[in-house]
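J.: Residues per chain, in single letters:
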Amino acid sequence: MRTIITGKAFVLGDNVDTDQIIPAHHLTLNPAIPEEFREFGKHALSSVPAAHKGLPKGHVAFHEDDEFISAYKVIIAGKNFGCGSSREHAPIALNAAGIEAVVAEFYARIFFRNAVNGAYLVPFESTDRLCERICTGDTVEINVQENVLINKTTGETWRLKPLGEVAPILEAGGLFAYARQVGMLKNSFSGEP
Amino acid sequence: MPEMTLTEKILARHAGQPFVQPGDNVWVDTDILMTHDVCGPPTIGIFKQQFGSGAKVWDPDKVVIIPDHYIFTADAMANRNVETIRRFAAEQGLKHFYDVGTTQYKGVCHIALPEEGHTRPGEVLFGTDSHTCTAGAFGEFATGIGNTDAAFILGTGKSWLKTPASMRFIFHGKLPPYLMAKDLILSVIGDIGCDGATYRAMEFDGDGVYALGIEERMTLCNMVIEAGGKNGVIAPDRVTLDYVNARNKSAKPYTVMRSDPGAKYCFEKVYDVTKLEPIIAKPHSPDNRATVSQVKGERLDRAYIGSCTGGKLSDFRAAAQILKGHTVRIDTFVVPATSEIAASLKREKIDGQTLENVFLSAGAKIGEPSCAACLGGPSDTFGRLNTPMSCISTTNRNFPGRMGHREARVYLASPLTVAASAIAGRITDPRERLQ
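Residue numbers (this note's numbering), protein chains in the order written: chain A, 1 to 193; chain B, 1001 to 1435.
Derived by calculation from the structure, the hints in this document are not laboratory data. Honestly, I wouldn't trust all of these hints.
Distance ranges between label pairs, derived from CB positions [claimed, not checked]:
#: 1; chain 1: A; residue 1: I33; chain 2: B; residue 2: N1245; range: 56 to 66 Å
#: 2; chain 1: A; residue 1: R133; chain 2: B; residue 2: D1242; range: 54 to 64 Å
#: 3; chain 1: B; residue 1: A1074; chain 2: A; residue 2: V148; range: 46 to 56 Å
#: 4; chain 1: A; residue 1: R133; chain 2: B; residue 2: S1361; range: 55 to 65 Å
#: 5; chain 1: B; residue 1: N1386; chain 2: A; residue 2: D128; range: 38 to 48 Å
#: 6; chain 1: A; residue 1: Q145; chain 2: B; residue 2: A1251; range: 50 to 60 Å
#: 7; chain 1: A; residue 1: V148; chain 2: B; residue 2: D1191; range: 34 to 44 Å
#: 8; chain 1: A; residue 1: R133; chain 2: B; residue 2: T1102; range: 50 to 60 Å
This structure is a prediction, so every number in the text was calculated from the model and none was measured. Note that beta-carbon positions come from the ideal geometry of N, C-alpha and C, so glycine has one too.
Using the sequences and the hints given, assemble the complete structure.
T.: Next comes the structure, spelled out in structure tokens:
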């Protein structure tokens, strides 16, 4: 996990569900296969209705149709980000598209857990409704240790909630790396808990 | 000892602790891990990557693999995924694998699990599908997880959980003939919102719940995830135990638990079911609630009766009751959740006519048991919304793009309401058809 995450923000609203993040017909791809993992980047956010895509104005492309990686690094969203399905393909798709952090008011439980388990991105929670304070295209800098987001475009600073008990899992690089670090799993291929 | 809710009791027992309270992180033992053709292949990939290509699952008798999502399709990748789980089941010696193209094939995992005796009171069930919460209807803790969690369980049999606070929803009264469990759960979701139960357990109680059959209780628990709930649960009664005992082929022992009288709930709401009306969730969210009477008359292009929440035998009995002797005005798709239900459609009769015959005579199309168009899927999926049309459906989600096209409009309602609307081609209150 980087200590400073800097990049352009892509802003979404409330209840962005997993079908909007990665539509179900792309789930035939297997993210455990590296060439297919990459494909998820191309389809990330492809079912978000155009009017809700890139707030406040909407109708902003997350990336061109044939691109795998987006120019945006951070997603700013409202309430209940990642609700719906248990598909781990959702945080994977954002990761594959180059997203390093999401800042939402709060998350649906399974999305949050999946994001942490695979350390695909850092799921921060904001105390303010940042999806109405930050504009798509603004450059933001997140200081992961200090739990602060600075909007470089406007100069405003926003506090984020501490990551708490999931921070060590993200730092380790996900659930398996963490379990090995704390001695819960013996080694890479022991097959024993 | 402090008193606990049913969810807390199950988690405490599986954590080997006398007591847990909301917020406690616990490692729990898994009774059953279920996966399917969509999340199975990536789970297997992580399992092999982390535990080694020759690794064995922690307990082959506790792993259940049910292909159900993308089955009847020419999509090569979808078929490749079924082949991946098939190989894994063979290599691991998994006997609970319900393979496509065999007499073992079942269909939708959440209905196949209880039918095949994999759900028992007091157990912990994890599944790589958000609607795994359906099995809470059997008095167990059941929740959806991702691929990494599932791979960890495949290797260790364990998972960590944060003990959720419990909300309690009490239903009183006898359900009128024009209402179904779908109307109850859509009312709840409309009241608390699609984030109203985030990180929480939703326990259902009251004589109104215990008057419901087991399938209707499954409908209630199925949709707790649509309110963000971690699990839904109903303490077992005679109805539960009769169902479980008839299906528990291995005669595996189980423990019936229920909430202590003084257990603490973070929220409680009481409903008088006799006062509720048929409910619909308008596009594009399951909490976008209206009474059917508020939106009746709106034009529709398609009706869909199927899925883990709306494709059970009791759902088809209800729909057939309305459709019998009538013709549908819009394309109407009927998808039994499992092969067992599909067989029942050919056998069960209503006024001397089989359910299958009622649907076909009405002009509906009947598909093969699977998830089908509930979640869109490959473009050749039966019933998929490939254009921006309006559909009324007995399924559980209507977020943008859920059933296919991003601009399609999906209304969620009970099988009674969907059947009545299919006849009119417009949203119709089932009370107009039941008089």
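J.: Hint compliance check: list the failing hint numbers for this structure, sorted ascending.
T.: 1
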